[in-house]
Amino acid sequence: MAKITLSDLRHSYMPNPSNDEDWALKYLDLSWDDGGAYALLGPSGCGKTTLLNIISGLLVPSHGRILFDENDVTALAPDERRIAQVFQFPVVYDTMTVFDNLAFPLRNRGMAEPEVKARVNEIAEMTDLTPMLKQRASGLTADGKQKISLGRGLVRTDVNAILFDEPLTVIDPHLKWQLRSKLKELHQRVANTMIYVTHDQTEALTFADKVVVMNVGEVVQVGTPVELFEKPQHTFVGHFIGSPGMNVLACDINNGKAFLAGTEMKTSNKADSKSGKTEIGIRPEFISFADEGLPVEVTRVSDAGRFSVVDVMHKDLAIKLLVNEGENIPSEGAKIAMKPEQSRIYADGWLIEEASA
Amino acid sequence: MNKTVNQKAWFFVTPVLILVAFNAIIPLMTVVNYSVQETFGDNTFFWAGVLWFQEVLNSSRFHEAMGRQLLFTFSILAIEIPLGVIIALAMPRKGPWVSVCLVLMAMPLLIPWNVVGAMWNIFALPDIGLLGRTLNELGFDYNFTRQIGDAWFTLLLMDVWHWTSLVVLLAYAGLVSIPDAYYQAAKIDGASNWSIFRFIQLPKMKRVLTIAILLRFMDSFNIYTEPFVLTGGGPGNSTTLLSIDLVKIALGQFDLGPAAAMSLVYFLIILLLSWVFYTLMMRDEEQ
Amino acid sequence: MIRRRSLIPIIYIIFLMLPIYWLVNMSFKTTNEILGTFSLFPLEFTLENYKTIFTDSTWYLGYANSLLYVMINTALSVCVALPAAYAFSRYRFLGDKHLFFWLLTNRMAPAAVFALPFFQLYSSVGLFDTHVAVALAHTLFNIPLAVWILEGFMSGVPKQLDETAYVDGYSFQAFFVKIFIPTIASGIGVAAFFCFMFSWVELLLAKTLTAVVAKPIAATMTRTASTSGYELGLLAAAGTLTIIPGAFVIYFVRNYIAKGFALGRV
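Protein chains in written order, with our numbering: chain A, 1 to 357; chain B, 358 to 644; chain C, 645 to 910.
So that you can see chain A by itself, here it is in the shape it has in the complex (with noise of 0.2 Å):
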């Protein structure tokens, strides 16, 4: 297990990157404690499996370094960083059976029978394969398959870290929530550090402590789970997280407040007129309908179950809130009401912050 570093990160696939696009990474300075269990979150294309390939070593980055602990291992080999790595489809050696698989990496460290045996069955019982270790791998569903590559990151005990490259992708939906559960249990038994790729935000958030989320090339925001949700630190993070995603609605400043085509709006920060492209996020969440607020119409109602998501138009903006179940949705003469304090307004897509609250 490992603390691991990136300093000064940035790679590009091309021999002379001339302009931002050229950059598959553009600058990464991130840090990551020893056990930790960690999602790197993003749309496809964001950079999230180039990351994962430099810190295993199958690609070494254009422009910086990575430590494990204290230690440069930018320039060694994969399996000399003691890591293990989850793809997504199930890697298995088929001609094997689920035991040989299981020991492969140990045989390959010149590891001795008996220890290779007790490790192997040690990790089977882990992750429910021990009916299965005397069969041939070729002959698992693919859920059992994703679970003997799992097995195989576990099974060496000199392992860093284990990366996971979106391993659920070929899961059936009804076995996906229950390999995640395992994942989660497993640890937690195992505390190692495990850095989890995807483009799916239920699996991040369910499964990491600290979430880093990645759009183009860029970390943009690292948190817990409840901190992407409720303080996005960028429009990107707020719209891609949740579920419906926040509102992005574009506003004017004037004089430091907040105008929504032409309404004043109360928000939790301020921002001055210099900030370039101003809007205000709030999650529809925090959006309710009332007696006194912006006069709205209603376009579209969707029944979520235990909520509806309703879309209305204030003039020209598009803006969704939630309303619970039984609860009323006026027809005509609709207004809403923001909560102040999730309002925030963000410049350039990222939030402004406050020098002072």
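FYI, nobody ran anything at the bench for these hints, they're computed from the structure.
Accuracy of the hints is not assured; some may be wrong.
[What the hints assert, rightly or not] Dumping the calculated DSBU-like pairs for lysine-lysine here, alpha-carbon to alpha-carbon at most 35 Å:
#, chain 1, residue 1, chain 2, residue 2
1, B, 561, A, 184
2, A, 176, B, 360
3, C, 859, B, 563
[Unchecked claim] Computed beta-carbon distance windows for the label pairs:
#, chain 1, residue 1, chain 2, residue 2, range
4, A, 176, B, 640, 29 to 35 Å
5, C, 825, A, 142, 30 to 36 Å
6, A, 206, C, 807, 35 to 41 Å
[Stated by the list, open to error] Covered stretches of chain A, as calculated for chain B (at least 3 residues, CB under 8 Å):
#, stretch
7, 82-94
8, 200-214
Don't be surprised by glycine CBs; every beta carbon is placed ideally from N, CA and C.
With chain A fixed as given, assemble chains B and C onto it according to the hints.
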């Protein structure tokens, strides 16, 4: 794929059926006809029963031809399959050189078979051919038209030259279909190159290699043109393989009865082997 | 900077090119020079051999004949194989597995077995010495191959495509021509390539079924080799020219070669 049961599908197959049946069934019926009859050349036929079959199966000429054929087929399989795999493993998997390699390697496969034979004939001539002359200059006493060993050597070399590329291309296709993640996982697991070959590459190539072995086995068993043009079956009849012998009897001597019987025996052997391979392949696909 | 591993394909390719180079070398020499001296390059470079081929109709017609029946065969084999492959790919019907196997056995059949029977058969229907005869004879081997290859590619296309088209109102013919065929275009290319290849290179049946009118180049070459003594230069030039169509075709399908050799089934 979930196939639906539909007997009307036979209509789709009818054109194929007609053409292939025309070419396969009618001639075979003729052959069967000849194989059980005897003629004295004056277009009258007598029932001969199993006479021709007995003659063929007991003839030393047939046994020798069969022996040579088996020697040939197993020799080239033993060389071409491993060689093809080795070359495929050594080829670049990505990049600009891939197309160049594949195009150059495919060239021998598209040369008319008689040209292959003629080309090697010229190439191996003892005094004016590049190969022949070079071997003789190096001290070997080489003459494929006179010496049996040399004829076999040249024959095998020619077939290796001609067909190894087929194995290479098939094996290569199998190799490039292996996703990178397997190699990455193996690297992380600390696997040696031999382990990677044994546990990842070879299993994934199983299907294409089966096809390669099937095709090379069958085609080499049926080979006619190239050895015929190269050596004419000689010196003597030392390189007279099954097809060459059959054509000699059928078109050369017009011995209809024996030729027909031999054809049927030949064909039956092929059928049996095809069935074996087919079952192996289908079983593999069902897995 | 050549890596050690790349030596293997390089050496192999050199090995492949040697006999071809020697053939081309000879094609530019006079027969006298070939028989008299041994040289790696023509000492007296001559285009005589090629001139003969381009001017003597027995020669250049040979190429034309070969190309003609090869093209007829390829077109016929692929067209006929398309519906059959579709049936094998989408439907189960009585005897389907046996039919498929029977088709494959024809691909494996020794041409020698069919030499005499074909001679008699095609003579009796009056097709002896025609391009059609050779084209038809070759379908015995090419149709099964085309069906096998096409079926492999078609099985890779999910049935949902067909069903969606029907829901959208396409008739079967419209679906097949406008949607399905473009989808498996690369498979058709591969099948056509293999049909071309096997028909172009085959000698025994092509020679047996022709005499003068449809005589393929292969037959012209073998006749020359035996009757007019050793006109090696001419033979070499003729041989060199037969390599060109093949090289051409490979160049066009080079992007599909690796995929195609997998016969869509890897």
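Here is what the structure says about each hint:
Proposed proximity of residue 561 of chain B and residue 184 of chain A is supported: the alpha carbons are some 34 Å apart, at most 35 Å. For the suggested pair residue 176 of chain A and residue 360 of chain B, the alpha carbons sit about 30 Å apart, so the restraint of at most 35 Å is met. Among the hinted pairs, residue 859 of chain C with residue 563 of chain B is inconsistent with the structure: their alpha-carbon atoms are about 42 Å apart, more than 35 Å. The supplied range of 29 to 35 Å is met by residue 176 of chain A and residue 640 of chain B, whose beta-carbon atoms lie about 33 Å from each other.
Taking the beta carbon of each, residue 825 of chain C and residue 142 of chain A are about 34 Å apart, inside 30 to 36 Å as hinted. Our hint of 35 to 41 Å for residue 206 of chain A and residue 807 of chain C holds, since their Cβ atoms are close to 37 Å apart. Look at the stretch 82-94 of chain A against chain B: 9 of its residues bring a Cβ nearer than 8 Å to a Cβ of that chain, three or more, so the hint holds. Using a Cβ-Cβ cut-off of 8 Å, 0 residues of the stretch 200-214 of chain A lie near chain B, which falls short of the minimum of three, so the contact claim is violated.
In the structure shown, a violation is registered for the earlier hints numbered 3 and 8, in ascending order.
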